[in-house]
Amino acid sequence: MTTACVALALVILLCIVAGLARVFGGPSRIDRLLAAQLMGSAGVATLLLLAYGLDRPSLVDVALVIALLAAVTSVTFVQRGLAADAAAGGPRHD
Amino acid sequence: MTDLVGLLLLIGGAGFFVCGTIGLLRFPDVYTRLHALTKADNLGLGCLVLGLGLVTGSWLDALKLLLVWAVTMIGSAASCHLIAQAALAAGVRPWTDQ
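Protein chains in written order, with the working numbering: chain A, 129 to 222; chain B, 45 to 142.
Derived from the structure by calculation, the hints contain no laboratory data. Here the structure is a predicted model, which is why all the values come from computation and not from measurement. Idealized CB from N, CA, C, for every residue including glycine. A hint or two may mislead.
Partial selection, computed: residues in chain A whose CB lies under 10 Å from chain B [said to hold, decoys possible]:
| # | residue |
| --- | --- |
| 1 | 140 |
| 2 | 142 |
| 3 | 146 |
| 4 | 206 |
Next comes chain A alone, as it looks inside the complex:
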């Protein structure tokens, strides 16, 4: 069972790597943020699987912190980044 957990953690890590293509490719900054959000939740899933697979229960606490920070990221982005875009007239493609 622990082997299966580590193997599934690897699968989800590969998802994070694939999501990096969206970070590089864009096209808009919102798309890049979405990929970062995926990294947040996939990182939580990886940590939970590893907590059981490697028998390190403390990793669950790390996952909890990452889950909290991932929510803060997008709130900050919407407040600071997109509000500035709207004031400048339309979304930025950079």
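Given the coordinates of chain A, work out where chain B should sit on it, guided by the hints.
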């Protein structure tokens, strides 16, 4: 039996993450990608948490895992609505089949 159900839930959760990633890479605009992403967040992580809760065999650990899932659900639902509203306000047009 419990282990088998747990393993199936774990594999299902990982499958949702794979589908969410494919959706994020293949879907045409911000709103559809947001849809794919939140499915991976909520259902994928939910299946993983349920599966892990079954195989850990300890109520305290299972409750802690459910807490992580609840925090992720609240965070991802709130940020999904925030991003969609902000994208509409910033003038991103929803994709249509024309």
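Under 10 Å is the threshold here; is the Cβ of residue 206(A) close enough to any Cβ of chain B for the hint to stand? It holds, given that the least Cβ distance between residue 206(A) and chain B is near 4 Å, below 10 Å.
Quick check on residue 146(A) please, does its C-beta sit within 10 Å of some C-beta on chain B? 5 Å, holds
Under the criterion of a CB-CB separation shorter than 10 Å, is residue 142(A) in contact with chain B as hinted? Given a least distance of 8 Å, the restraint on residue 142(A) holds.
So, residue 140(A) near chain B? Judge it on the closest CB pair being under 10 Å. 5 Å, holds
Figure legend: structure checked against the earlier numbered hints; every hint is met.
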